[in-house]
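Protein chains: 4
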Amino acid sequence: MIKVGIIGATGYAGAEIARLIYGHPQAEVVWYGSKSYIDEKFASLYGNLFKLVYAKCLDDNMEELADAVDVIFTATPQGLCASLVNEDVLKKVKIIDLSADFRLKDVSVYEKWYKIEHKAPSFIEEAVYGLCEINRDKIKSARLIANPGCYTTCSILTAYPLIKEGLIDPDTLIVDALSGVSGAGRGAKVANLYCEVNESCKPYGVANHRHTPEIEEQLGYAAGKEMLINFTPHLVPMNRGILATEYATLIKKDGKLPTASDIRAAYEKYFGKEKFIRLLEDNVYPETRWVEGSNFVDIGYKIDERTGRIIMMGAIDNLVKGAAGQAVQNMNILFGLDEAMGLEIVPCFP
Amino acid sequence: MIKVGIIGATGYAGAEIARLIYGHPQAEVVWYGSKSYIDEKFASLYGNLFKLVYAKCLDDNMEELADAVDVIFTATPQGLCASLVNEDVLKKVKIIDLSADFRLKDVSVYEKWYKIEHKAPSFIEEAVYGLCEINRDKIKSARLIANPGCYTTCSILTAYPLIKEGLIDPDTLIVDALSGVSGAGRGAKVANLYCEVNESCKPYGVANHRHTPEIEEQLGYAAGKEMLINFTPHLVPMNRGILATEYATLIKKDGKLPTASDIRAAYEKYFGKEKFIRLLEDNVYPETRWVEGSNFVDIGYKIDERTGRIIMMGAIDNLVKGAAGQAVQNMNILFGLDEAMGLEIVPCFP
Amino acid sequence: MIKVGIIGATGYAGAEIARLIYGHPQAEVVWYGSKSYIDEKFASLYGNLFKLVYAKCLDDNMEELADAVDVIFTATPQGLCASLVNEDVLKKVKIIDLSADFRLKDVSVYEKWYKIEHKAPSFIEEAVYGLCEINRDKIKSARLIANPGCYTTCSILTAYPLIKEGLIDPDTLIVDALSGVSGAGRGAKVANLYCEVNESCKPYGVANHRHTPEIEEQLGYAAGKEMLINFTPHLVPMNRGILATEYATLIKKDGKLPTASDIRAAYEKYFGKEKFIRLLEDNVYPETRWVEGSNFVDIGYKIDERTGRIIMMGAIDNLVKGAAGQAVQNMNILFGLDEAMGLEIVPCFP
Amino acid sequence: MIKVGIIGATGYAGAEIARLIYGHPQAEVVWYGSKSYIDEKFASLYGNLFKLVYAKCLDDNMEELADAVDVIFTATPQGLCASLVNEDVLKKVKIIDLSADFRLKDVSVYEKWYKIEHKAPSFIEEAVYGLCEINRDKIKSARLIANPGCYTTCSILTAYPLIKEGLIDPDTLIVDALSGVSGAGRGAKVANLYCEVNESCKPYGVANHRHTPEIEEQLGYAAGKEMLINFTPHLVPMNRGILATEYATLIKKDGKLPTASDIRAAYEKYFGKEKFIRLLEDNVYPETRWVEGSNFVDIGYKIDERTGRIIMMGAIDNLVKGAAGQAVQNMNILFGLDEAMGLEIVPCFP
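Chains as they are written, first to last, in this note's numbering: chain X, 137 to 486; chain R, 137 to 486; chain S, 137 to 486; chain C, 137 to 486.
Incorrect hints may have been included.
Since copy identity is lost for identical chains, a pair holds within one copy or between any two.
The list that follows gives simulated cross-link-like pairs (lysine-lysine, DSS-like), each with its CA atoms no further than 27 Å apart [claimed, not checked]:
1. Lys325 - Lys300
2. Lys251 - Lys276
3. Lys187 - Lys411
4. Lys192 - Lys411
5. Lys248 - Lys177
6. Lys325 - Lys171
7. Lys228 - Lys251
8. Lys361 - Lys392
9. Lys276 - Lys325
10. Lys300 - Lys139
11. Lys405 - Lys187
12. Lys255 - Lys230
Keep in mind that the hints were calculated from the coordinates and are not lab data.
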């Protein structure tokens with residue numbers, strides 16, 4: 137039984153880890169870490185786990201945790217994991233960090249976009265970007281996993297095969313994305329009150345959202361060159377779900393646009409055997425309801441011959457594949473388990 | 137492996153059975169029956185099951201089904217099951233009917249409230265009312281299970297122990313209930329369009345909702361006498377969930393009202409060992425979010441000493457404990473399996 | 137032009153006053169008072185008023201305000217108005233208080249239910265309970281109006297004629313009510329975050345909600361005796377709207393229950409000429425969507441001959457007739473204007 | 137008093153015309169036309185108008201209507217208006233057609249995208265595209281107004297000044313748009329049921345939505361050349377509102393990108409005096425909640441110097457400025473009234 141500790145267990149992503157580990161046959165949470173709710177029963181904060189979880193919240197003490205558990209998930213604001221991690225800890229325990237602290241290889245890019253000083257730059261190099269379907273092999277032997285962001289997981293996977301295969305022009309990529317409100321966390325902010333969010337939608341972080349450089353870096357590896365993209369997130373009134381709609385100009389070969397079957401072949405090449413990636417049938421597009429509660433990534437596409445562009449679309453559950461589910465998937469890889477263990481949840485509809 | 141056939145698989149309750157059976161280790165759906173979508177892929181109607189279920193819909197042929205499966209779930213409008221069931225079928229297969237056809241023992245009450253003629257009154261007597269926590273023993277040996285209604289499951293369980301123990305006056309019982317929209321089914325009706333339901337709530341079926349006699353009959357057994365209640369359902373804008381708020385006058389003993397611990401003791405007596413019934417802590421009241429997607433019934437209560445009444449409150453997921461989940465629970469009992477098999481789903485929040 | 141000052145203009149009720157006064161032909165807001173947003177543009181907080189309102193927020197200074205305006209609306213937490221009001225102020229300006237400070241005539245009841253000391257008990261006697269349709273005459277000459285609560289406005293009006301006419305037994309009255317989330321205000325609380333409220337409903341304040349004694353006092357005047365009721369509010373996922381479903385035992389005359397036309401006659405007697413009260417047709421029940429954004433009260437009812445009870449149902453927009461709209465209606469009465477001025481808003485659907 | 141007839145009064149757009157005309161001081165609806173609800177009270181279908189509108193629905197008889205009214209609004213599916221209009225009718229009455237029948241000047245484009253034969257191509261030439269802020273002068277003397285689509289109104293106005301001024305490259309324009317569900321109409325379709333739409337978002341009509349050629353034609357006039365764009369609509373779970381997020385490459389002058397003040401100047405040049413267009417402050421972006429229920433268009437923008445693109449964003453209420461409001465605005469222009477008459481509705485929030 138893998139002993140799991142969660143730092144930041146009382147946020148939405150942390151609690152989602154708790155939900156998933158509860159159903160995991162070879163792991164158990166032994167430490168529900170929290171800054172604000174120490175000594176409170178976890179189930180008093182998350183009534184869904186009443187009579188399932190009896191534990192009280194403990195503090196966010198990584199040193200002590202490192203002795204008590206096999207793997208630590210940090211589901212905390214940027215900067216915390218980097219401020220706690222050190223060689224001693226990493227010798228004892230695996231860390232899967234759900235914050236952005238170790239996602240960007242260039243510390244100056246991190247500091248520019250996140251506007252905070254990085255407290256542990258020496259560990260950036262060894263950290264593995266935990267996008268399971270792309271980096272599976274590197275993840276196996278990692279000590280420190282940088283679990284990808286929610287928008288980024290969806291945005292990268294949706295475009296990856298076409299960029300990798302040179303089917304689209306990386307310089308033309310535009311990512312327009314929609315997110316449910318749970319992505320904003322459980323903090324008490326006026327902007328996230330029910331009446332502020334309900335019956336409305338809005339763009340935010342236009343041209344400066346922090347997930348932009350993360351998408352650029354990862355897709356840049358696929359493109360084999362640096363990329364600059366436009367990424368515009370929007371908040372829409374639903375609890376869960378991310379939908380990315382991406383636009384790029386198709387690259388002609390011998391004066392001809394790639395065909396739908398060329399596109400499908402590229403997706404199949406990279407994702408055909410992936411359990412959690414569902415390439416939709418022709419002219420079917422992803423909808424967030426079909427992945428809700430699950431670790432699936434649904435992907436569809438449409439070629440527009442009039443404009444020579446392709447529209448790629450992907451959907452995930454931001455708290456599962458976009459956070460806790462991918463984190464558990466990373467844990468499974470790290471510990472040599474079946475990658476899907478504890479994650480074979482059928483999406484719940486309606 | 138128990139072979140399952142679903143008549144009416146493409147409605148919300150039928151599809152929820154499909155979702156639950158997909159995750160059930162000892163059962164599999166081999167027949168997705170449908171009236172409207174014959175030959176269409178089930179997953180084209182329920183994209184959550186894409187790449188999980190590959191079957192196409194078949195027709196609603198109970199005779200043929202009886203030879204092909206071990207248990208038939210009928211998730212269909214009132215009248216259909218009664219029109220199809222017969223002795224030949226029941227000799228071959230168990231039937232769990234999610235409609236109201238066999239819930240009421242008095243056929244005249246059925247015909248009065250449902251305004252249709254009952255086509256198989258001779259089977260009413262043997263049908264067992266499948267409220268698992270109350271009728272477990274009778275269910276074990278049944279051939280035909282009348283799976284309780286959604287409002288009724290919640291309303292009955294919430295009040296049952298207090299009526300059974302004589303703590304409240306049955307003649308004063310008032311049930312005021314709220315339901316999510318999935319209870320109205322997947323039929324194309326203007327009244328259930330998004331814009332009609334969203335941002336509003338309304339009472340309906342006031343003083344004549346069909347679940348009224350079902351609650352009265354079952355609670356009447358507990359009371360040991362006939363009961364007449366007021367039951368008012370309301371539609372509220374959410375997908376899933378039923379919340380029942382029930383009012384009754386407490387019966388004094390020696391001039392004194394029962395205490396909170398008397399009440400708790402009554403609930404504990406009947407439900408203390410029930411896996412799916414969660415008696416909440418004092419001054420905690422049920423919220424539908426905490427049971428969403430699960431088979432739980434959450435129950436709370438509050439004594440009002442000023443008026444001498446008690447307010448009892450219960451919450452369920454209408455599609456799970458209120459329909460498909462309880463149906464699977466009944467299947468488990470019928471086939472001698474662990475009653476919770478395939479139903480140990482952690483509620484998903486947010 | 138009536139000069140209006142709003143103390144607490146940046147809460148939902150205060151901002152709704154601003155919206156209504158903007159459309160009022162004989163009044164204008166000259167003071168947007170705020171505790172938290174002094175010097176910020178009001179329209180930066182309420183973007184709906186961008187390019188309509190250019191003013192910045194001022195402080196909540198009642199003394200200064202009294203010299204600047206003709207009427208002050210206090211849309212603030214309990215206790216503030218009572219702590220600011222005095223004879224000097226009341227000599228200069230009318231006050232319409234949207235808090236509960238002057239609603240209850242018995243100061244001990246106020247202090248018991250609100251758990252705060254009343255700072256100006258000497259003004260309770262002269263304050264007029266501003267339920268316009270009932271107290272119109274007293275309102276005309278008042279200096280200090282206690283604007284009714286949202287639940288109370290709906291609950292009282294829905295039952296008033298039947299109690300006044302002796303058609304129902306006051307001791308049996310049970311009020312079960314649903315509210316949209318704007319009733320909880322714009323404060324940053326975890327409990328009111330989108331993801332906490334969405335897709336769920338819950339009872340709260342069971343047997344101890346503060347609007348209980350207010351309903352009891354006002355309906356008690358109609359009954360001619362003290363009343364004790366059960367009142368259970370529920371939170372439902374929508375922005376606006378209150379729906380009250382009320383139960384009471386009908387009083388027989390000569391062994392017979394009142395008929396539907398007896399009931400209708402009673403409602404017509406009191407409300408037949410009221411512009412803002414719409415008595416619905418037989419077997420039509422109120423839905424909050426039909427009153428959204430307006431000052432209407434929609435009322436319906438159903439006699440249950442089986443139980444001898446009547447179910448009365450009322451719907452309002454909690455921010456309009458339940459707060460700001462009724463406050464403006466009170467202002468119109470106070471200043472001798474057409475009572476409906478600025479309030480003839482057609483409900484907006486969908 | 138202008139006499140108004142509505143063909144298709146019982147759909148959402150038709151009923152919104154009814155709501156707006158009810159509040160219009162110089163117009164009144166004298167004919168509520170309907171195909172499905174003839175002889176039913178209009179207010180029984182739209183309870184918001186109970187006790188305000190007493191009329192029953194009449195049929196959709198344009199010939200008879202032409203004698204009875206001064207202006208006919210056709211809020212009907214594509215093809216109906218074209219099948220009814222003729223010279224006799226147009227000699228008697230103004231027609232404002234909310235369908236797409238007369239929006240596209242090239243009948244072959246219409247027939248290709250709408251897949252129906254045009255029944256009155258001879259009137260296409262004289263029909264005026266009723267985008268008030270652009271075509272005001274032509275509208276004044278028109279007999280037949282083609283009222284713009286909802287997505288198109290928002291998409292065109294948001295980009296118009298920058299294209300007209302040559303600040304962006306028309307060939308790079310991508311429009312990604314979100315719509316509330318009322319845009320799908322009041323027809324009983326499974327896809328628009330509450331449970332299908334709630335808690336999800338999805339793209340649809342990808343690369344083939346019918347509003348595409350309408351945007352291309354109108355912006356093409358501004359560009360002075362033919363345009364091809366990508367337009368991707370998405371359905372999001374809210375009643376009302378359209379948000380368009382548009383991407384285009386900025387055109388450098390002397391090697392420099394336009395500045396934010398260049399952009400603002402362009403918007404001000406065309407819209408600075410427009411009552412219904414609100415150019416937001418820098419770094420403020422439109423949100424649909426701020427325009428709900430009103431005729432406003434809110435526009436914001438952001439230059440991304442990294443990619444050389446601009447992101448333009450616009451928000452409208454699809455039923456008001458995107459349909460009924462603009463139709464009434466067109467009526468006001470046609471009849472020489474103040475263009476804003478009856479439309480000065482303050483958006484209602486929350």
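These are the hints, each one checked on the structure:
In this assembly of identical chains, the alpha carbons of Lys325 and Lys300 never lie at most 27 Å apart, being 40 Å within a copy and 41 Å across copies at closest. In this homomeric assembly, Lys251 and Lys276 never come within 27 Å of each other (Cα to Cα): the closest approach is 31 Å inside a single copy and 55 Å across copies. Taking the shortest alpha-carbon separations for Lys187 and Lys411, only the inter-copy value of 9 Å comes in at or below 27 Å, while the best intra-copy value is 32 Å. In this assembly of identical chains, the alpha carbons of Lys192 and Lys411 lie at most 27 Å apart only when taken from different copies (22 Å versus 35 Å within one copy).
For the identical chains of this complex, Lys248 and Lys177 are neighbours neither inside a copy (39 Å) nor across copies (31 Å), given an alpha-carbon limit of 27 Å. Taking the shortest alpha-carbon separations for Lys325 and Lys171, both the intra-copy value of 17 Å and the inter-copy value of 17 Å come in at or below 27 Å. When the C-alpha separation of Lys228 and Lys251 is checked against a cutoff of 27 Å, the pair qualifies neither within a copy, at 31 Å, nor between copies, at 53 Å. Taking identical chains as interchangeable, the C-alpha atoms of Lys361 and Lys392 lie at most 27 Å apart whether they share a chain (24 Å) or sit on different chains (25 Å).
Within a single copy, Lys276 and Lys325 get their C-alpha atoms no closer than 39 Å, and across copies no closer than 41 Å, so neither meets the 27 Å cut-off. In the homo-oligomer, the alpha carbons of Lys300 and Lys139 never lie at most 27 Å apart, since the shortest distance is 38 Å inside one protomer and 45 Å across protomers. Proximity of Lys405 to Lys187 under the C-alpha cut-off of 27 Å is restricted to the inter-copy arrangement: shortest distance 17 Å between copies versus 45 Å within a copy. In this assembly of identical chains, the alpha carbons of Lys255 and Lys230 lie at most 27 Å apart only when taken from the same copy (19 Å versus 59 Å across copies).
In this structure, the earlier hints numbered 1, 2, 5, 7, 9, 10 are contradicted, and the remaining ones agree with it.
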